[in-house]
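Visitor: Each chain is listed here by its residues.
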Amino acid sequence: MSQQHGPVTAAVMTGTMPDMPDHDGPLQHHFDDMAQQNESSALGMWLFLLTELMFFGGVMTAYAVYRYLFNAAFAEGASHLDVRLGTTNTIILIFSSLTMALAVRAAQMDKRKLLVGLLIATMLFGGAFLVIKGIEYAHKWEAGHVPGAYFHYEGPLANHVHLFFSFYFTMTGIHALHMVLGIGWMAWLVLRSARGDFGVGYYAPIEMTGLYWHFVDIVWIFLFPLLYLFGAGAAAGH
Amino acid sequence: MSDRAATPKTASERPPTRRRRSRYEGDVPREHYLNVAYGLKSWLFTIDHKRIAILYLLSITAFFALGGLMAVFIRLELLTPAGDLMTSEIYNRVFTLHGVLMVFFFLIPSIPAVFGNFFLPMMVGAKDMAFPRLNLASWYIYSLGGVFTLAAIVAGGVDTGWTFYTPYSSTYSNSAVALTAIGVFINGFSSIFTGLNFIVTIHKMRAPGMTWMRLPLFVWANYAAALIMILGTPVVAMAIFLVAVERLFGVGIFDPALGGDPILYQHLFWFYSHPAVYIMILPSMGVMSEVIACFSRKRIFGYGFIAASSLAIATVGFLVWGHHMFVSGQSIYASMVFSVLTMLVAVPSAVKVFNWLATLWRGSISFETPMLYAFGFLGLFTVGGLTGLYLGTLATDVHLHDTYFIVAHFHYIMVGGAVMGYLAAVHFWWPKMTGRMYSEWWGRLSAGLLFIGFNLTFFPQFLMGYMGMPRRYHFYPEEWQVLNVLSTAGASILGLGYLIPIIYLTYSLRYGPIAGPNPWRATGLEWTTASPPPQHNFEQTPVVTEEPYDYSKPIVNDLPAPGAGAEPKPSPAAPRS
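Residue numbers (our numbering), protein chains in the order written: chain A, 1 to 238; chain B, 239 to 815.
One-sided and incomplete, this derived list gives chain A residues near chain B with beta-carbon spacing under 7 Å:
id: 1; residue: THR51
id: 2; residue: ALA62
id: 3; residue: VAL65
id: 4; residue: HIS160
id: 5; residue: HIS162
To give an idea of the interface, some chain B residues facing chain A are shown, with a C-beta separation under 10 Å as derived from the structure:
id: 6; residue: PHE369
id: 7; residue: PHE431
id: 8; residue: ASN435
id: 9; residue: LYS442
id: 10; residue: ILE468
id: 11; residue: LEU480
id: 12; residue: GLU484
id: 13; residue: ASP493
id: 14; residue: ALA495
id: 15; residue: LEU502
id: 16; residue: LEU506
id: 17; residue: PHE509
id: 18; residue: TYR510
id: 19; residue: HIS774
Hints were generated in silico from the structure; no laboratory data involved.
Here the structure is a predicted model, which means the values were calculated and not measured.
All residues carry an ideal CB built from backbone N, CA and C; glycine is no exception.
Let the sequences and hints guide you as you build the complete structure.
Guide: Laid out in structure tokens, this is it:
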């Protein structure tokens, strides 16, 4: 994700290692050319996403096992989720992926202002997602659906519904954490873009961030039906 | 050096680029990666893969010492049948800590993080890893994970065993499980970053002419280990994360009271932790291929098979995790499949052993210290592997499960295999890393002590386990005392065998004879540059024109003659794929 050096770190590096070539240029000393550097960045990012896939894969496997075992309870738990807010968030995230993709294009076309604007738009969409997520969490807290010591649920399936909400909070929580990290990283890219670090010859950090952002988006695309839509049909008492 | 004196060359005869190289004149080169900058900052902010390797070397040695100290306590306690040195609670904490430190903070990072970091870029002819800053970050993450684990010790230790089995770990244990789990979770990312760096470096950073089939087998082995690191580690990270969440917030995913399934935790845990054994052993196997070819002065036998068997082990290794759970109540049909797959993974392991034996066949074998460790590996790994078949067989496993038999089995693999390989690597590459030779006499002595001490420690444990002594108990019936005393006696010799190298290796840093670029007359790009290597590894990007392990040609302890390798036969540039 971070294959280039900002001038601050570069100063540290060159300060401690007098023989090091200057790091201010986008090409790092240990690569032969930009093509090699860019290919390495891309491969590295894809491998990182592969590890992320395995990471989410672990918890999704656990979810699949329990949903198979306790199907009725999971459907009942899912019926307490707010499908409208979930749908809104899905749409917001898809738009954020659009602005992210356009940001990569803006970087490739040397349009600095557009790039900055699109990155900020992506961050705003991401922020909006997190705000809505927060509202949903607050609702769950009020309803006593946050798992742990304060969990409160009436009904014969209470224990297994507890399990469902454990998954709901773990999975959406990890996903939200990924979004926070992505937004934080983009703030740094906005500063660098405004400074004019990126352009036709060098846009790998924007492109890599884009890959990451799309991945986080795709995780949500899986979480949404797994958690929300599952219970929609059984939402009689909602 | 004498032939150098016989044919003196004036400075004008040499191309200008040779000037820097010729700083090696029976002395260490004047400028190398160690003396290019001094001070704490130059180490803590370094992005040089060689310096990061040294940072790792120091930290994993510290964790190894701490884990070893725990082993001392275990063996002292087991000297007598009564539990008299410590209480059961303390004993549980001691063996847990021994396992956690040795597995997560020593064995998994050991060869990849130290020797992989140092030599993998040099072996493929690169100036550095693909992502130098990520590489440094991995060391900081490792250290942070270590800090959490040490904090857990201060907070009273952890008593779950290194496997953190639920629901004991998630619900019942009164020890610092969450802190340790977070430490192990964080540490996992250092492993992921190292693996990611290896794969990208091998794919994208190879020098011209370094085709895939010219890669040293150490690189192949680390490539296979890196695949496991990036595919397996995230899953165990998630499993341990779920345990920590369950402990901290009561979010019960494995809690049977809520309908959670503790066995699911075991599945997720072993999905990584069985392949993790191959993270430990594959790099050691890579070292074996390098050392055995070098000290047999022979081209490695069956290069392609050894390379492919690494990948086969990494692949099949992902499909055998259920053999840890034969008595857990999992489906008997699942157990049968896992049993068959477990037998299958023995095949690529045996392929390697037979290829090494064939390499030794009619070679001119010499018995320098690294080779002694390699022989140790061959014997001990074979014993460890064959006893694994008893455990992979369903009927015998019911009897042997959770006894000292399995303790002995995995120590033969992890200590007899992985640590022997690690020490072979230390002794093989020490001259390259430091520019100095260690005392060969002391080296051979400690290799011998280790082999004797190791067998004395762990062979009696096979017998104890076969007789039914369960693991993780600190008292036992009196009829097993003789075997336990033997084991403790062996452990003392083993401990001595670990201490001696620390002394003579440290001594060699200042007083050891100058090694020269290639003291073992080995093949491989890392030996074609000065010792210690210059900051960017090579004065010019090397061009590879021949197969690896070509020991038929004469090799001298000197840098290649000017122009050698610089005007290669036309060879295809390495495609970056």
